[in-house]
Amino acid sequence: MKRRDFLKLIASGLCSGIFFPSILVPGEKKREKRWAMLVDITVCAKSKDCRACVDACHETHNVPSIGSSKEEIKWIWISTFDRVFENELPISIKDNLSQPVILMCNHCENPPCVKVCPTKATWKREDGIVMMDYHRCIGCRYCMAACPYGARSFNWRDGKPYLGKINYDFPVRAKGVVEKCNFCEERISRGLIPKCVEACPLGALKFGDIADPESEVSKILKGRISMVRKPHLGTKPNVFYLL
Amino acid sequence: MKKLYDSGKILTGLFFFLAIVTSPFWYNKVSGKGAYVPELKIEKDEKECVRRTGYMKKSHMELLRLWRDEAVRKGNRIYIREDGKKFEISLSGTCLNCHKKKDEFCDRCHGYVGVTPKCWTCHNVPQEAKK
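Chains A and B, in that order, give the protein sequences.
Under the working numbering, the first residue of the first sequence is numbered 1, with each subsequent residue one higher.
Under the working numbering, the first residue of the second sequence is numbered 1, with each subsequent residue one higher.
Please keep in mind that the hints were generated in silico from the structure rather than gathered at the bench.
As the structure is a computational prediction, the values presented were derived from the model and not from experiment.
Treat the hints with care, since some could be wrong.
Below, a list of computed lysine-lysine pairs in the BS3-like style, where the Cα atoms sit at most 25 Å apart [unchecked claim]:
#1 Lys74(B) x Lys85(B)
#2 Lys175(A) x Lys102(B)
#3 Lys41(B) x Lys102(B)
#4 Lys120(A) x Lys74(B)
#5 Lys115(A) x Lys74(B)
#6 Lys102(B) x Lys58(B)
#7 Lys160(A) x Lys102(B)
#8 Lys47(B) x Lys86(B)
#9 Lys165(A) x Lys118(B)
#10 Lys160(A) x Lys118(B)
#11 Lys101(B) x Lys165(A)
#12 Lys222(A) x Lys74(A)
#13 Lys120(A) x Lys118(B)
#14 Lys33(B) x Lys85(B)
#15 Lys74(B) x Lys33(A)
#16 Lys33(A) x Lys120(A)
#17 Lys175(A) x Lys118(B)
#18 Lys41(B) x Lys74(B)
#19 Lys165(A) x Lys175(A)
#20 Lys165(A) x Lys100(B)
#21 Lys165(A) x Lys102(B)
#22 Lys236(A) x Lys74(B)
#23 Lys160(A) x Lys58(B)
#24 Lys230(A) x Lys124(A)
#25 Lys100(B) x Lys44(B)
#26 Lys206(A) x Lys230(A)
#27 Lys175(A) x Lys115(A)
#28 Lys160(A) x Lys100(B)
#29 Lys74(A) x Lys175(A)
#30 Lys124(A) x Lys74(B)
#31 Lys124(A) x Lys48(A)
#32 Lys230(A) x Lys48(A)
#33 Lys33(A) x Lys46(A)
#34 Lys230(A) x Lys219(A)
#35 Lys74(A) x Lys124(A)
#36 Lys41(B) x Lys118(B)
#37 Lys44(B) x Lys101(B)
#38 Lys102(B) x Lys47(B)
#39 Lys74(A) x Lys165(A)
Could you put the whole structure together from the sequences, leaning on the hints where they help?
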């Protein structure tokens with residue numbers, strides 16, 4: 001190659017890099033759908049002892065209440081603001097540190113639990129839901145160690161005796177599998193919204209597709225200040241807390 | 001031809017040995033229990049099964065495995081048969097809708113051939129709700 005041709009090639013390469021930067025930096029793959037949950041904690045603060053979403057979810061998904069913290073199984077649970085956001089406290093809310101915050105699986109964009117699963121029993125769906133396949137789970141609990149949010153619970157025993165009443169439309173779990181919130185995947189597939197969103201008497205929860213800029217959740221997110229849990233970890237949660 | 005030493009003892013021994021070893025087969029033959037075939041009961045709402053009876057008898061587990069992967073891994077809950085008829089992919093919902101009594105249908109054959117599928121550790125049997 002002549003020196004002149006070489007310089008031309010370099011120049012054209014640089015030009016295309018400037019005008020079409022996507023050639024140089026591969027952008028994140030855009031998905032058609034990205035389910036997300038918005039939790040308005042200012043609404044939750046109004047009724048402190050409300051457990052409507054937790055109870056509705058656990059009844060729907062046959063989540064047993066075993067009554068020991070070591071064997072506790074939870075899909076949604078409630079903690080306080082200062083515990084959840086201990087490293088990222090904004091000034092405006094510091095006077096209300098004990099207000100309740102609802103927690104669930106964040107269905108991260110970059111889920112650490114999926115990376116460590118040796119059997120692909122947990123994986124990320126096209127629409128963003130981090131799914132569990134209980135058929136494949138071997139109970140190694142790597143995902144529980146990997147999840148920075150404590151969203152996963154292990155079935156140390158058969159949960160059936162600890163269920164108040166069984167919802168026959170949803171399976172129970174066998175001893176030795178890990179379970180977590182599934183963003184009501186079984187309801188979404190039938191065109192319904194998640195049970196917790198439906199059950200909330202104050203409308204504190206909103207569910208929708210944030211890949212669509214015209215959706216209700218996208219508009220709310222644009223207009224309000226929101227937080228996610230432990231953003232410094234780079235997991236990119238899909239559960240947003242509105243302040 | 002060489003002589004078989006102690007042929008009387010050996011042959012009688014062999015005879016009794018074979019008689020004892022094969023006794024379960026003779027017992028079934030005489031008592032008629034060997035011809036026993038489990039009797040299955042269905043309370044049908046539908047006229048036909050998802051696939052033909054012959055296929056279901058032989059390969060229902062393959063269909064169930066396919067359904068499991070479609071519903072759980074691919075998120076597809078509708079099964080379309082070759083002729084275009086649609087079924088909801090659901091063990092408790094679709095299958096048990098006709099095969100209502102698990103103990104009079106599933107369990108009878110599974111017990112007969114000595115297999116214990118693990119489906120029921122998690123999947124609910126709606127009939128059990130009414131007991």
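Could you grab the alpha-carbon distance between Lys44(B) and Lys101(B) and see if it respects the 25 Å cut-off? holds (11 Å)
Next pair to validate is Lys175(A) with Lys118(B); report whether the Cα-Cα distance is within 25 Å. Given pair Lys175(A), Lys118(B) holds - Cα atoms ~12 Å apart, limit 25 Å.
Measure nothing beyond the straight line between the CA atoms of Lys160(A) and Lys100(B); if it is 25 Å or shorter, mark the hint as holding. OK: Lys160(A) and Lys100(B) at ~21 Å, within 25 Å.
So if I understand the rule, the pair passes when the alpha-carbon distance is 25 Å or less; does Lys236(A) with Lys74(B) pass? holds (24 Å)
Starting from Lys33(A), check that the Cα of Lys46(A) is at most 25 Å away, please. Status violated; Cα separation ~32 Å.
Between Lys124(A) and Lys74(B), is the straight-line Cα distance small enough, at 25 Å or below? Roughly 11 Å between the alpha carbons, so the hint for Lys124(A) and Lys74(B) holds.
Holds or violated: Lys74(A) with Lys165(A), Cα cutoff 25 Å? holds (17 Å)
Lys47(B) and Lys86(B): Cα distance at most 25 Å? holds (14 Å)
Next pair to validate is Lys165(A) with Lys118(B); report whether the Cα-Cα distance is within 25 Å. holds (22 Å)
Take the C-alpha atoms of Lys175(A) and Lys115(A), compute the straight-line distance between them, and say whether it is at most 25 Å. Given pair Lys175(A), Lys115(A) holds - Cα atoms ~23 Å apart, limit 25 Å.
What's the verdict on Lys101(B) and Lys165(A), does the C-alpha distance respect the 25 Å limit or exceed it? Holds, because 21 Å separates the two Cα atoms, which is no more than 25 Å.
Take a quick look at whether Lys124(A) and Lys48(A) sit within 25 Å of each other, Cα to Cα. Not OK: Lys124(A) and Lys48(A) at ~34 Å, beyond 25 Å, violated.
Checked against the numbered hints above, the structure breaks hints 12, 14, 18, 23, 31, 33 and satisfies the rest.
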